[in-house]
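Undergrad: Okay, here's what each chain looks like letter by letter:
Protein chains: 4
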Amino acid sequence: MASSTISKQDCLTNCQECQTTLATMLTGNCLQQGGAHVEQNHVKLMLDCMAACAACIDFMSRNSDFHKSYCQACAEICKACGDSCEEVGGMDDCVKCCRKCEESCTAMAS
Amino acid sequence: MASSTISKQDCLTNCQECQTTLATMLTGNCLQQGGAHVEQNHVKLMLDCMAACAACIDFMSRNSDFHKSYCQACAEICKACGDSCEEVGGMDDCVKCCRKCEESCTAMAS
Amino acid sequence: MASSTISKQDCLTNCQECQTTLATMLTGNCLQQGGAHVEQNHVKLMLDCMAACAACIDFMSRNSDFHKSYCQACAEICKACGDSCEEVGGMDDCVKCCRKCEESCTAMAS
Amino acid sequence: MASSTISKQDCLTNCQECQTTLATMLTGNCLQQGGAHVEQNHVKLMLDCMAACAACIDFMSRNSDFHKSYCQACAEICKACGDSCEEVGGMDDCVKCCRKCEESCTAMAS
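Keeping their order, the protein sequence lines are chains E, V, D and G.
Per my numbering, the first sequence runs over residues 1 to 110.
Per my numbering, the second sequence runs over residues 1 to 110.
Per my numbering, the third sequence runs over residues 1 to 110.
Per my numbering, the fourth sequence runs over residues 1 to 110.
Because the hints were derived from the structure by calculation, they are not lab data.
These numbers come from a predicted model, not from an experiment.
Treat each hint with caution, since some may be false.
[Claimed, not checked] Dumping the calculated DSSO-like pairs for lysine-lysine here, alpha-carbon to alpha-carbon at most 27 Å:
#, chain 1, residue 1, chain 2, residue 2
1, G, Lys8, E, Lys68
2, E, Lys68, E, Lys8
3, E, Lys8, G, Lys68
Model the full assembly from the supplied sequences, consistent with the hints where possible.
TA: Right, here's the structure in full:
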């Protein structure tokens, strides 16, 4: 999907999916499995990403003139979180939604 | 739809739709139209409802043992906000998503 | 301090202190120490408590008619989180701010 | 106060004060007075600023590596919101806390 075809609604949906998928995986999977799943940097990135998506949803849905800053930050954090989930392993759903959210937030930020 | 058939995912989706629909309508429609649309109690209820949905999404997606309190509060606020939108008029999308969110939050809270 | 003498501003301040203290301890201390500090139920309670305080601050500062529900939920979560921090040990600052926040939220909810 | 002497705790405190002051003024004062106080752009900026402060508090208190992006965005929004409050008039507390928050967020972002 070319960035130019991503609508604000697509981006909202991707942020929503990313926020809830990460929240569910962090609390239901990572905290249960332990080990690399609860490594300081990984959990911090999961929390960053959940918060970045929530802020992005908030600013986009309020038609804010400042939404691009929040989409830009969200894209960067999704990249870092997706990389961390890939490294930890067994978190394919998280990797997938982070990549999708990163792509749409990058498009919205430009 | 019977309450008993409402899943947590349905409730999440309804809260997400309600949060973003209200945010878009408040900033893009109510604040532009003025009059009854910016009456103190109405705007306060719109803000309450957006925040209640966001908290509900957060607690449900984190598998929190305390999500029922937030679903219960969200149901009450959706009721009040839907009533206010109905009274102000010309806000059918808001009324509809508030009613749907109220129903699913009530189901989740029980 | 008797509950009857707790003002809304006191409660706001206690919620703010509790939110930021827990966030700092969770990411800077618990996630670094591991062990009981990253046990599923403990981290979930820390996240619940941070979110409960944030919601409480939001509803109280917006003069919401619904703030009591959020204060009540916050009081319950602070109780559970304070107990968990006490059990885990070495988290005296968290225990202290949870107890203080619980007390003021209980007062605000009544 | 020189920017170089502003601590993270100062910035947190200023963000907290700005968030709650704006929330209280928006719902208790602007929505009651009407007129320029409920003009679309002004209310949108008040909501942006409340959300920017909340995100900034969240990322700073969680020791996030990405807090600078949120401090930078918050500084820009505080500038715009402070200007709007100045223009509307009768909002000296808001102007003051926006300026203070802008200064400390600028320092944190650098």
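Undergrad: Compare the structure with each hint and give your call.
TA: Now for the hints, and whether the structure bears them out:
For the suggested pair Lys8/G and Lys68/E, the alpha carbons sit about 25 Å apart, so the restraint of at most 27 Å is met. Restraint check: the Cα-Cα separation between Lys68/E and Lys8/E comes to about 11 Å, which is no more than 27 Å; the hinted pair holds. With a C-alpha separation of about 25 Å, the suggested pair Lys8/E and Lys68/G falls inside the 27 Å cut-off, and the hint holds.
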